[in-house]
Amino acid sequence: MRVFIRGLFLCLILSCSLFGQISGYNQPNLFTLKNGLKVIVYEDDSLPVVSVVLGYGVGSRQDPDDKAGLAFLMQHLMFQGSKNVSPMQHINYIQNTGGELNAATTFDKTYFYETVPANQLGLILWLESDRMASLDISEVTVNRIKEMLINNENQRRIQEPYARYFFLVDEILFPDYSYGHALTGTPDSVDRITVEDVLAFYRKYYVPNNAVLSISGDVKVAKVKELVTRYFETISRAPEFESQASVDFRSIFSSRDQVMFDSLISIPALEFGLRFDEVKKDDYLLFRLLEYILINGKRSRLYNRLVNKERIAFFLSGGLEDRGEYLSLKIFLTANNQVMIDRAKKIISEEFTRLKTEMISEKELLRAKTKYKMDYYSQLTGSNLSRALSLTEFYLRDGNLPDINKELASLSRVNTYSILSLARKYLKDENYCFISILPR
Amino acid sequence: MKITRKLAKTLVAVLLFSVLLPGQLLIFSQERFRRNPPYPEPLLPLRFPPIESGVLENGLKLVTITRLNSPIVTIQVLVQAGEFDSPPGLSGLATVTTEMMLKGTQLMSASDIEEALDTLGIEFNVEVKADHTLFTFSVLEENLDQALNLIKSFFSEPSFPASELINVKRELYYRLLSNKKEAEKFGFDFFLKKLLNPEILNPGPIEEEEIKNISQKDVIAFHRRLIRPNNSMIIISGNLGLNNASLKVSQAFNRWVSRPVERSPLVRVENKNFEKVFFVDLSSKDCVVLIGNTISPINGQDYFSLLVMNQIIGGLTSSRLFLNLRETKSLAFYAFSDIYYLKNNGVFWIRARTSPEAAGEVTREIISELKNLTEFPPDPLELERAKTYLIGNFLLQLQNSEQLSQRLALQNIYNLPDNFWLKYIENIMMVGADNIREAAQKYLSNKPLIIILGKFNPEVDYLKDFNNIEIYNNKGQLQLKLQKGETVNENRRMRTQF
Chain A
18 MRVFIRGLFL CLILSCSLFG QISGYNQPNL FTLKNGLKVI VYEDDSLPVV SVVLGYGVGS
78 RQDPDDKAGL AFLMQHLMFQ GSKNVSPMQH INYIQNTGGE LNAATTFDKT YFYETVPANQ
138 LGLILWLESD RMASLDISEV TVNRIKEMLI NNENQRRIQE PYARYFFLVD EILFPDYSYG
198 HALTGTPDSV DRITVEDVLA FYRKYYVPNN AVLSISGDVK VAKVKELVTR YFETISRAPE
258 FESQASVDFR SIFSSRDQVM FDSLISIPAL EFGLRFDEVK KDDYLLFRLL EYILINGKRS
318 RLYNRLVNKE RIAFFLSGGL EDRGEYLSLK IFLTANNQVM IDRAKKIISE EFTRLKTEMI
378 SEKELLRAKT KYKMDYYSQL TGSNLSRALS LTEFYLRDGN LPDINKELAS LSRVNTYSIL
438 SLARKYLKDE NYCFISILPR
Chain B
7 MKITRKLAKT LVAVLLFSVL LPGQLLIFSQ ERFRRNPPYP EPLLPLRFPP IESGVLENGL
67 KLVTITRLNS PIVTIQVLVQ AGEFDSPPGL SGLATVTTEM MLKGTQLMSA SDIEEALDTL
127 GIEFNVEVKA DHTLFTFSVL EENLDQALNL IKSFFSEPSF PASELINVKR ELYYRLLSNK
187 KEAEKFGFDF FLKKLLNPEI LNPGPIEEEE IKNISQKDVI AFHRRLIRPN NSMIIISGNL
247 GLNNASLKVS QAFNRWVSRP VERSPLVRVE NKNFEKVFFV DLSSKDCVVL IGNTISPING
307 QDYFSLLVMN QIIGGLTSSR LFLNLRETKS LAFYAFSDIY YLKNNGVFWI RARTSPEAAG
367 EVTREIISEL KNLTEFPPDP LELERAKTYL IGNFLLQLQN SEQLSQRLAL QNIYNLPDNF
427 WLKYIENIMM VGADNIREAA QKYLSNKPLI IILGKFNPEV DYLKDFNNIE IYNNKGQLQL
487 KLQKGETVNE NRRMRTQF
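Order-wise, the sequence lines are chains A and B.
Using the working numbering, count along the first sequence one by one with no gaps and you end on 457.
Using the working numbering, count along the second sequence one by one with no gaps and you end on 504.
Wrong hints could be hidden among the right ones.
Sample of chain B residues facing chain A (criterion: CB under 10 Å; computed from the structure) [claimed, not checked]:
id, residue
1, LEU49
2, LEU52
3, ARG53
4, VAL145
In silico lysine to any residue, SDA-like type, Cα no more than 20 Å apart, as pairs [what the hints assert, rightly or not]:
id, chain 1, residue 1, chain 2, residue 2
5, A, LYS100, B, LEU146
6, A, LYS315, B, PRO48
7, A, LYS380, B, ILE172
8, B, LYS429, B, LEU50
9, A, LYS240, B, ILE172
10, A, LYS240, B, PRO43
11, A, LYS237, B, LEU50
12, B, LYS429, A, ASN136
13, A, LYS315, B, LEU50
14, A, LYS386, B, LEU146
15, A, LYS326, B, PRO48
FYI, nobody ran anything at the bench for these hints, they're computed from the structure.
Every residue gets a Cβ at the ideal spot worked out from N, C-alpha and C, and that includes glycine.
Please work from the sequences and hints to get the whole structure.
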């Protein structure tokens, strides 16, 4: 789950649009049903395949107080049957067509997605509309899922002992329940969730006027309109809800550099977190480039120093994560001993200082731009699924389809000074934390 | 008139009722179409993007797949050389050689290469199989010329620096050791060797202890002998056609010199009876059971029947093995079947993870499921479901440009007809219940190879089901032979009662 969330955001969060410049890429079609459901259709007849992504504007941020893990529980519950679909039948229906499916929950979004042969589009729409209209929420089902999540959580604590530090960094960076709590919840918080909580959550957020449906593949817009209208338009819209107020995190961290001893781990590790406040939309692209310069790729600054040259870390990963109007950069590494961990901390601090005091080289910028483009194009043209996911993500975040020319122009305007300015504006010494994790 | 008025009133009432009815029904019930899944539309025809091919002066085959909707170009170089070609005592030589090709050229050090790959945004992967090696590179269209110029140097100008050889060998050694910790991976390697030896000496798995024997001289010789353009094929998938690609590739690869390539052919290993059961003693709390036998190769006439048969018995969680062993009898954590191909040969195998106590029962159930397939044809619904899955999933796999290139590469390696993939769907559709039974009778009637991996306990009852058992340690070395009536300890050469 953790890997997936990281991956999804690395790929999607800062995806801006270069659509007009991609050969053979057409502008998607957008329409809205009477109940508020936004529908994006992309026609691609290169193979008789279609991907459907239904994204809801709800995630762990909306978990009620003391009920951490509710959004994640909902993701699982959505496969437990609805009025006309028995438990787990959703999966069987898709698999029987040769199709593939999955789901993901993030900080403020939840995705359900399927890819099937194009002649089975009706089946997916039937399945998705059924669970949007009439999910089976009973005491028995909710308790079963709760039990499964609690077991998983208990197992993860043993099998993935570093995972809890990943979430601890969030708690330190975002000292507020809605921003900082673990997406998967804790055994206690999951146990506190009641059927009434689930029902209220479902009726409020898993509704057409809080969703975006993206369809990409060998389909025609007119036919899609007919099918989507048939299956979704009679599902009632829900009352609009107020978006949650943003939180001011200006306080200085009291626990920015911690050492923790853990009997479940055998290899020393370091978790690093850095928060970027009040991120402007226009700066997203620059942040993505900064990520490539620092941590993404074998020649990135931190990988090159920590792994290649100084051989301090033997595993290093990291990337940006989205928290609405905030961003965070998280890094995880493993090393041989505490001395190496301390040296790694020093190097990370040095590299951030360097970003604020020195201009990056033209070569580094070119490398970052190339990698950015490569990843971005892969998202957009790699498969129908990656395209539909990108479009859903973009629409849920910004409320519109991308402005191609503006984005492309932004990329070409980025120079080495842009990165220096970004670093000086957002990199604040009081906004980072280290957790050294050592074997007990 | 009276009647007419009455009739009119009734008509109005009926009309009103019929107008109100759907709305009222919506309130109390649901729309009719929600009750059942819709029927699928007819399957849309499969069209491949334009595929062209040619041969360059140095014998390198060039294939282009023109994809207009992608600004990313995928370059795949297929070399018909793999671990099968590593000489005895030097298993791993093919893998080490291909990794070394990216670790230095006449003009660039390993670090220069890493930097050039990163700067050009090239993503790459190298896969060494028993009978071939596939290099895959992806790059932005705008960087294609530079990328080809870099990639060609791996093939035509590698320097194989000794300093890098030490690192490559060490990394491979530890990678193999780590793989051995996973019972299923280790088990499949062991399974392949037991199934295909002695006819095929090296069917893919690498002996980690032989890595240290590999010298720089061996690597240079392997490259010189087998990594040749006339033994290779380059497939370019992207927004360009054959003429354009031909110009670019011939300019870049013209210094890759052809030489006569001699490879001993992979012999066909026939489906046979296995009288022994092999137990690998591992310190794991679960047991892994592997069962299988050889089948006809991919270019054999039973290929499509075998694919459907595999799907029916163990391709998915809705297949027989999973439903029986996990869902119904709760004997196994999972149970699946799979098909593996190498030149002139095919392998059908089943894998199940279970508890030590249930290993015997799982083995018996699997054998019984195999027997069932030989005796009774599958029911029509099950057959249709398996075929629908295979057809649908085939379409999904083709979305990825590397997948189509890879299929074209396989077409070349296994001498498949030109329209093999184009006719895939049609051929799957034609498989009938009798074809499945015939294939099952042909390949599942013999006693299959059975391998059980887990903590060995001579006390367990199910061992008595087998007449001959060989016990191996976690390095794959024979420790004990158990025969009904006696035990032979291979280390001490001692016979005891069994």
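For each hint, the structure was consulted:
Among the interface hints, the one on LEU49(B) holds; its C-beta lies about 5 Å from the nearest C-beta in chain A, closer than the 10 Å criterion. Interface hint at LEU52(B): satisfied, since its Cβ lies 6 Å from the closest Cβ of chain A, which is below the 10 Å cut-off. This hint holds: ARG53(B) has a C-beta 8 Å from the nearest C-beta of chain A, less than the 10 Å allowed. Taking 10 Å as the C-beta cut-off, the interface hint given for VAL145(B) holds, the closest approach to chain A being about 8 Å.
Distance hint between LYS100(A) and LEU146(B) is unfulfilled; the C-alpha atoms sit about 48 Å from each other, more than 20 Å. Of the pairs offered as hints, the one joining LYS315(A) and PRO48(B) is violated, with about 48 Å between alpha carbons and a cut-off of 20 Å exceeded. Our distance criterion of 20 Å between C-alpha atoms is broken by LYS380(A) and ILE172(B), whose separation comes to about 31 Å. Using a Cα cut-off of 20 Å, the hinted pair LYS429(B) and LEU50(B) holds, with the two alpha carbons roughly 14 Å apart.
For the given pair, LYS240(A) sits about 61 Å from ILE172(B) by alpha-carbon distance, which is inconsistent with the 20 Å threshold. Distance restraint check for LYS240(A) and PRO43(B): the Cα-Cα separation of roughly 17 Å lies within the 20 Å cut-off, and the hinted pair is therefore satisfied. Restraint check for LYS237(A) and LEU50(B): satisfied, since their Cα atoms lie roughly 13 Å apart, inside the 20 Å limit. Proximity of LYS429(B) to ASN136(A) is assessed by CA-CA distance (about 19 Å); at most 20 Å being required, the pair is judged to hold.
About 43 Å separates the Cα atoms of LYS315(A) and LEU50(B), which puts this hinted pair outside 20 Å; it is violated. In summary, the hint linking LYS386(A) to LEU146(B) is supported, as the alpha carbons are separated by about 12 Å, within the 20 Å threshold. A C-alpha spacing of about 58 Å is found between LYS326(A) and PRO48(B), which places the hinted pair above 20 Å, so the restraint is violated.
Figure legend: structure checked against the earlier numbered hints; hints not met, in rising order: 5, 6, 7, 9, 13, 15.
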